[in-house]
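Quick note, the sequences are listed as chains X and P, same order.
For the first sequence, our numbering gives the first residue as 22, with consecutive numbering after it.
For the second sequence, our numbering gives the first residue as 20, with consecutive numbering after it.
These aren't lab readings, by the way, just hints derived from the structure by calculation.
This structure is a prediction, so every number in the text was calculated from the model and none was measured.
Any given hint could be a false lead.
As the list claims (entries may be wrong) - Partial list, derived from the structure: chain X residues whose beta carbon lies under 10 Å from chain P:
#, residue
1, T90
2, S94
3, L98
4, Y131
5, T136
6, Y240
7, N303
8, S398
9, F407
10, T411
11, V441
12, F442
13, G498
14, Q499
By construction, the Cβ of each residue, glycine as well, lies at the ideal position given by its N, Cα and C atoms.
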Amino acid sequence: MTPMKWFWGYMKKYSPKMAVGLVLLTITSLLAMVNPKLTGIIVDDIIGDGRKIELKPLLMLLGIMIAITVIRSVLRLIFLWQFETASQSMLYDMRDGVYRNLLQKDFAFYNKTRTGDLMARQTGDMMAIRHFVAFVIYNIYENVMLFIIALIMIFMVDWRIAVCMVAVLPFTAFNTYCQSKSIKPKFTIVRNRFSSLNAFTQENISGNRVVKAFAKEDYEIEKFDRENDAYREAELGAATIWERHVPIFEFLSNMLLFVLMLVGGIMVIKGTMTLGNMVMINGYLWMLNNPLRMAGWLTNDLFRFITSVEKIYSTIQEVPKISSPKQGWSPERLKGSVEFKHVSYRMYDDVILQDISFEVKQGWKVGIIGATGSGKSTIMNLMCRFFDATEGRVKVGGVNVKKLDLHTLRDSIGMAMQDVFLFSDTIEGNIAYGKPDCSFEEVVWAAKIAGAHDFIMQMPDGYNTIVGERGMGLSGGQKQRISLARALLKKPSIVILDDTTSAVDMETEAQIQNALQSVDEQQTVFIIAHRISSIKDADMILVLNDGKIVERGNHDTLMEQKGYYYTVFSHQYGEFDKFRHSGKRKGGWQHGTK
Amino acid sequence: MARNKIDVDEELEEKFDLGQVKRLGKYVGPYKNKMIWTIILMLISSALTMLQPLFLKDVMEAIENFQKGLISDSDAIKIILTNSVLMLIDTLVVVLILRVKIRWTNQVGQNVVHDLRKDLFVHLQKLPFSYYDERPHGKIQVRVVNYVNNLSDLLSNGIVNTITDMVSLLFIVAFMLYLNVNFTLICLCGLPILVAIVWLVKSRQRKAWQLQSNKQSNLNAYIAESMNGIRVTQSFVRERENTIIFNRLNEEARVTWLNAVKYNFILSPVVENITMLTTAVIYVLGVSWLMGGFKGVTVGVLVAFTGYIARFWSPITTMANFYNNLLTAVSYLERIFETIDTPVDVKDAPHAVEMPPIKGDVEFQHVNFSYDEGVKILDDVSFQVKAGESYALVGPTGAGKSTIVNLISRFYNLDSGKVLIDGQDISKVTIASLRKQMGVMMQDSFIFAGTIMDNIRYGNMEATDEQVIQAAVTVCAHDFIMEMEKGYQTEVNERGSRLSAGQRQLISFARALLADPKILILDEATSSIDTETEILLQQGLNKLLEGRTSFIIAHRLSTIKNASCIMYIQDGKIAQQGTHEELLKDEKGYYYQLYMSQYDFLQE
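So here's chain P without its partners, still in its complex pose:
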């Protein structure tokens, strides 16, 4: 997939996929019992609610009888009292059921959303770098947090109410049929009209909401990026321009919302008008049948029946609304499932074994690799590193140095060839057991929000405070940390300007060391560290590197001079290989030229 920008919509799927709705069933499944009980309780509750007019009817009849002199006033009052008490009891039960319903539907809704969000997050952890590199982070984030949230009400109250209403609809239809079959058929005639209208707007409505969710996602992604890049924006005085872009996205979100919500508005007036029309038809036909002496049509039946028409349509409205919300939700759902369905390229092979404790031999056998098909990054790379050796990689930007070290951690799968550690093909072991034994320090030193202590400990959760401090001392970070007002407990964050780039590198260095790796990979790990600190750092490191295999990518050649072997990488191949001294003997070689170029400026 091509990379996605902020203002580019992600592709739309055309078909309304019932499969997505079915998959949701999987999430509701575990809470099925609670749902079923809620529905049963709700049915009881609606039956009890329907009883309430009956109590009133009894009271009214008693009064009429009293007025006609059929019963005494004390009897009438007795009936009134009994019915009032019944009403009270009835109400209390209804209220209790309501309380239980609110509790359970909330529990189900929140749990479903919780589970869905978790699945989404777990899957995101498995997706490779490229997934994150290909799209703005804000777009991933809204899926996990906002999209999922939108589903909670639909999946709890929505389902319960719809099913409850469906059942009561059955009762109502049965009762209507019992009253009069012809009237019922007329009433049902309205249904196809409703279905037809819903059907007509369906695909437009769905597309409209899809578009809306895309625009909303663009807007959110832009907000996220604006906040992350605020320093650049302010220093380039781009506020005005950014506001214009933001408002373009803002406007798109607004317009698409209004466009989509239109369709949701259509439903209830349609239902209302259909109700009215069928009622009118029934009156007219009813009256003419009444006058024609049609069998089974009496005034009582006619009046009672018209009273039921509204009750017939109200559950249908609820269901139609559920459908409305479902259509809106599907545009979120498909994004969520799309993420969950993104295949994981780098994953444990079937029957993968745990990587045994690593000694540190690393071997590349005819490794070929490309990110995009056809653009070869590594071309038949082979080399062998013995445990405890330190290998340096040099060469021009983009030659493939980072790619080589990334393959050792199996961040990507090879096109062909093998990477072996201690003679074990790393594609045959579990990824976690492999990576846990490696210490990687990357070009971007990422700092999590939290204390400095936490950030270093990220390398090894079991480490004691002393071990954390020891690691910081080794990488010469201890002094500057102690100078901060709260020392190791100082809160730092991702964007934080509290730490200089060099300090951040030292902290992530300490983090990598704390992991006590058998293989240590330093990818431009010291580029922002001053020479003095680097020398101190190296003295500490030399001791530490004993017994560990290390790979170092650096542009400052002083950093790598002492490596057991230096590989000059060019165009995805190893162009030269040897120790510093050996390589310098070849005055035509790449390394010699590179080494000498650093003195160029001295000669003027």
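Isolated chain X, as found in the complex:
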């Protein structure tokens, strides 16, 4: 597949429509030649020397001319409409195709691609394609057609002078060739700079809090200046190419008149051509002139278009490494058992996980604890198959995840991620994200379990409160609880809480923990946390360090091992003993969870 084949795949569907447009265009172009002829007849035959003018034929001819103009206008509107609808429909399909394609890309792709680049593909590049389909195509056609018709006409009048005029063609071709060769790299630079400007702006907007906190506005403006300048330079750089070539086309088009005057004039003097023929050829000259004049601009547009198609194509042609297997196993509902067998995972040669094995039965509660960057989240990502294990096997519901239909797998897992992303939508819409057709009661149910209901109700618009992109304007704890509610609403076989309560105060966390237990006996729960309180009651606790499981067991056995877990516990709750012995405990925590 090449970029152009990809493009053609979209255009094919609308080519009949465009063919109709081209036919209409041909008719209007031919009709355009009628009126000047009729004008000639009026001037020469009817008005003549002005002595005896018959009004009747004059009115008739004028009537025909008006009729032709009206018909032409109508046909023109129809063919413009054909092209415009074709281009918009095609654009619709193309955006849809690119969007679907992007949704299927794996994490690896998104790790290296900037959002601004992808935005540029869907905005600026799409516009270049629109312009091509709705404008450039028929212009090229019209100009080529006019050029050929005029050339034939001139050949019929006098082939010798026609040959002289054809002499400009090689120059035209050469100029077009040179222009297209040098313009393409320039347009590639323009597209890249545009992408880069887009990406920079996008990050500045997303990171606006950091920019302000560090009072780095000036620095950002300075950086923006560089991007802005670079983009301007790129555009001007491309302009230097057409500034060189477009005037040459203009020159060549003027040369036609020059040829007519010089060669035609001498031929008439020598008696090898009549003056009438010379006048007639002059009448056709505009049909040759215009296409030549337009050639430079059209070449430009053409290559802008080609560059954009290539840009989009290069973004979408990357095949995601992770995709649903053909005829993947897709049971009604996956069971909540999970098994890792000698799983290792490496990214860019860094060892992230090493020989991880564990088995989780349906309905278990599993706690995972370990140092920052020890690979806790990666285990979850492998389970959801956002990455594939480099070695070993991951089974969910007793089936190798690679054999499972991707959607079935992910649909069975509800994940509340470490860094919460909320959409600029109502709170209700955000919670119902995984199950858009659910009832409002279900949303409230999930929010209550996640300990979010109370604060949501305190907001001015309750569940209809619109939250900013990324949940801006909400506190960390509030965002986490909304994200937890979102994960719970799916009623998945497996729930993952990836550090989801870190910003929630302890009282609320205890409530959430209690509520979670009451949801579903059969639901498997994974909790990644740093607070012992979050995972103490787990059926199995895994302690991770440097991508390896270093301790495993339940709270009691791990406490006996006096390893990492025990140390963490002592750090967090060492003081507890003091209180126990001083008997100060009473009264405090019992109504602590009020």
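Starting from the known structure of chain X, arrange chain P on it as the hints suggest.
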């Protein structure tokens, strides 16, 4: 303003505002000379182009004279040669002028767009958080990048061509008047028809394009958000649903485009038909006047005049097209200017002074604050912090902890009361000089695309590599950074899953430290960091915090136990205040209950 969602249009302004077009003049102004010269050159060029038929005419006349035997063939050839050479020279000049025109108009167009974009961006940097929180980011972005781009051709070629054509129109009208006044008047009769039609569709056309730009903006915003939230989408298997939403917006963009572009199509057939009609009228009247022996009407005049009708209408078409494009552009322009005009609430007071080097005393005097009118967030908050002390804020979510620390950096203006640093009211100093001396680490740790080194250095651009590494060592980030294949040169990005949330927090921590702030604010800065690392981190930090005032918001109480003072915030008020030990003595107090609640789970 209420928050805006993806699929909600931003409000439309009803009136077509010429003021917006005038403001554009301000941007074209600096390049006025180049524009004027381009226009002069273009006028010369069109005059030269008009000469070309004259050369041909000379040649033809010479041939006729030769055929009539008036001149010899060598004379005729001489005339042909002279005219051909003149034609060649004429062409060369025209071509040269064209080259200059292309260069200059591009320069003007790109520069205007460049300046406009810069103004827009600079203003965006001044706008508060709330501006960004209130609307999808994609909608802001398209204004800076795409909308502005749409203007470049209009503001360069559009203006030059329109003015050039206006001047040539004057010449043509003058010439037509010279030929025949009556014919000219008939010809001008077509103009009101055109104006009337343009006027009739104007407001619809404008609304149609406004709607289109809104729908396009919705679509773009949705694309941006889809890409940013891709992990959530994939893990919630929302692809199908999102595609449906996307295609709804996609369809709206398509339909509104087709609806709007219709109006642009109307113009040229209208002009063509008017041309034809006036020509017909002139023929009919001309012929009857000719036969009636009307004064001044000859065959020559009639034929010549009809030849000029097309020339009269062609510049008018250009201007009408310019107007068309202008109407389209106004729907972008008003968005751009709307952004530039958004008032900046938090800005330097007139005569604001530079904040002198901060010692670190912070004082709140009866501070009242609310984001939305009527919903009080902080209620008469007063406290005093001495330089070098570390203050911890605890309390339920939404109590106002983050708001208090945000006010120290003056991210918002107070409703009433004062925030003083070293006895200086912070609303009286320049914002940049204040914030540069503070280190703030927020709940969202944002990572820019670039190397880890760059991300840490963001806190202090002048820092050497060694200083960056030192900061990373202090926050215990050095080890994991060195484990990555390219160490500090590893490329990371905003969405990047290369870094865990804890690692990202450590990096932004290092960034805050590198700024060497006198006041350090840690807003849930360590929530995703494991206990072990946190203990190590604190040992390093204790040394660093010496001599610095710090404010810490945290839910893990082990993090704040050693603070000089702990404030329990509830419902926008300081409910309790004191050291850890002091607060624990009050068994009825909020802090005691909070502290004990962490042990609840141990007791079953």
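Here is what the structure says about each hint:
The criterion of a C-beta within 10 Å of any C-beta in chain P is met by T90(X), whose closest approach is roughly 4 Å, and the hint holds. Satisfaction of the interface hint for S94(X) is found here, the shortest Cβ-Cβ separation to chain P being roughly 3 Å, below the 10 Å cut-off. The interface hint given for L98(X) is met, as the beta carbon of that residue sits about 6 Å from the closest beta carbon of chain P, less than 10 Å. At a threshold of 10 Å, the smallest CB-CB gap from Y131(X) to chain P is about 6 Å, leaving the interface hint in force.
Because the closest C-beta pair between T136(X) and chain P is about 5 Å apart, less than 10 Å, the hint holds. Hint status for Y240(X) relative to chain P: holds, with the closest Cβ pair at about 6 Å, below 10 Å. The beta carbon of N303(X) is positioned within 10 Å of a beta carbon in chain P (closest approach about 7 Å), and the interface hint is therefore held. Interface hint status for S398(X): upheld, as the beta-carbon distance to the closest one in chain P is roughly 6 Å, under 10 Å.
This hint holds: F407(X) has a C-beta 7 Å from the nearest C-beta of chain P, less than the 10 Å allowed. The criterion of a C-beta within 10 Å of any C-beta in chain P is not met by T411(X), whose closest approach is roughly 15 Å, and the hint is violated. Interface restraint check for V441(X): the shortest CB-CB distance to chain P comes to about 9 Å, inside 10 Å, so the restraint holds. For F442(X), the interface hint holds, since its Cβ comes within 10 Å of a Cβ in chain P; the closest pair sits about 5 Å apart.
Interface hint status for G498(X): upheld, as the beta-carbon distance to the closest one in chain P is roughly 4 Å, under 10 Å. About 6 Å separates the beta-carbon of Q499(X) from the nearest beta-carbon of chain P, less than 10 Å, and the hint is met.
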